[in-house]
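Here the working numbering is used: the first residue of the sequence shown is 306, the next is one more, and so on.
Some hints here could point you the wrong way.
Unchecked claim - Just the calculated beta-carbon pair ranges, DEER-fashion:
#: 1; residue 1: S543; residue 2: P423; range: 40 to 46 Å
#: 2; residue 1: S585; residue 2: P423; range: 44 to 50 Å
#: 3; residue 1: N426; residue 2: G606; range: 15 to 21 Å
#: 4; residue 1: A596; residue 2: S543; range: 19 to 25 Å
#: 5; residue 1: K356; residue 2: D562; range: 57 to 63 Å
#: 6; residue 1: N350; residue 2: S439; range: 45 to 51 Å
#: 7; residue 1: A596; residue 2: L341; range: 29 to 35 Å
#: 8; residue 1: T577; residue 2: E494; range: 41 to 47 Å
#: 9; residue 1: D475; residue 2: D362; range: 34 to 40 Å
Keep in mind the hints are simulated off the structure, nothing from the lab.
Positions of the beta carbon are idealized from the N, C-alpha and C atoms, including for glycine.
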Amino acid sequence: MPPKTKLILFVIPPMLLLALPVAAQTPTPPTPTPQLAVLSGKIVNRSPGGKVPEKIDLMLHAWDQNAGEKLMLDGQSNSDGTFEFKNVPVETGLLYGVMAMYNGISYISQPVLADGQPLNNFEVPIYDTTTDASGVQIDQRYVMFLYTSAGLQVTEVYFVSNRGDRTVQDAVQLADGQRATLQFPLPAEAINLAYDPATKDQFVRTPDGFAFTGPLPAGEQPGRIILRYTLPYRSGMSYTVQAPYPTLAVNFLVESDSGLNITGTDLTSGGTQKIDETRSANLLKHGPLSAGEETSITLAGQPKVSDIDQPGSLTPAQNPLWTPQMFLGLAGLVLAIGLGVFGWWWFHRPEPALAIAEESTESNDADPLVSIANLGETNAHDLQDEELGDTPHDASAQSTTAVPQTSTRSIDRAE
């Protein structure tokens, strides 16, 4: 996939998540005839004292209601930060957005729906960079447990925001001397850690967890990090959540009627969340945690193997359905729940969002969890397991993980 196209999978879906499902609920009208128009706007440096360079590389994008790429046009800003794209075929019903490259990081305007009105007010925010991560916080953290024949499957989704006024990058020095932006803990027994292979170079395994090495743009709009791993299950086991950054809320989910029960202090019921016509998940909420604070829950019961984990299936690393599709379903569920809280606010914020997105190249429309994932992850990539060996937190995994080469926000840095 060309690098300029692949960026869309990481940057655009968060801003389209609210708009696209709504658009999909209405009948598809006949394709209108595009009208040539001038699209214009300006670049604004929102960091205090920040300046806009005389020339910045730009790219105009357009997407349909299924997040399909419909248009890409290269451009460049003027010396005063303004820009124009002339003779653009504008089609009613498409979303248009402008990306700008600044200091090796790409930023995007809020996408605008073409509805017959002039598209002449695009604003692309850019930020200077900093190594100060004091403004980083986790707005929501979702942890979903699913019992499978391989053990306890854990899917986590972090909604992370940067409340500072500069893009955070290289804020952490890891044990091996490498720089990273964010660092997260994992349970000591976690194996089969998985994330998107297209962004795999932006993650490194650490002795105590993993680290993200891409930039985190400023702005209240949360980005998301999604991961999955497996734990051995024992009834009465303890699961501890550590807050690497100030965390506003932690949410635990378990499939209803699975036989798996969660108990803990300071938990409140969030009710039952519908997965599909036949499945649901119980939601338990925990309040804020300070950086470094932790809370523990107890997992107990004699759970039955989820029907997602089909009898006679291959091992998790071998079964293409078990590996990407189940993960997508669970991630899609927590994303759908999260969007109930963040959706409107998220879409209407002009700041870009960091996003680690997944996609399946295999169709499995019969799986209702995958259908949910499609609502939350319009564009994505196949997920693959990072084999970590038989020993949890296998230190050798670090030596085989590529050093990050790109940013999720880069237009053309070899992505």
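For this session: May I ask you to test the hint 41 to 47 Å on the CB atoms belonging to T577 and E494?
Result: 29 Å, violated
Problem set entry | Whether the CB-CB distance between A596 and L341 falls inside 29 to 35 Å | Taking Cβ atoms as reference, A596 and L341 lie about 52 Å apart, which means the hint is violated.
Exercise. Do A596 and S543 keep their Cβ atoms within the hinted range of 19 to 25 Å?
Worked result: 21 Å, holds
Exercise. Are S585 and P423 spaced within 44 to 50 Å by their CB atoms?
Worked result: 46 Å, holds
For this session: Note whether the CB distance of D475 and D362 lies within 34 to 40 Å or breaks it.
Result: Distance hint for D475, D362 is violated at roughly 23 Å.
Problem set entry | K356 paired with D562, Cβ distance criterion 57 to 63 Å | 59 Å, holds
Problem set entry | Beta-carbon spacing of S543 to P423 - inside the hinted bounds 40 to 46 Å or not | 59 Å, violated
Exercise. Would you say the C-beta atoms of N350 and S439 sit inside 45 to 51 Å of each other?
Worked result: Since N350 and S439 have Cβ atoms about 21 Å apart, the given range 45 to 51 Å is violated.
Problem set entry | Assessment of proposed distance window 15 to 21 Å (beta carbons of N426, G606) | 55 Å, violated
In this structure, the earlier hints numbered 1, 3, 6, 7, 8 and 9 are contradicted, and the remaining ones agree with it.
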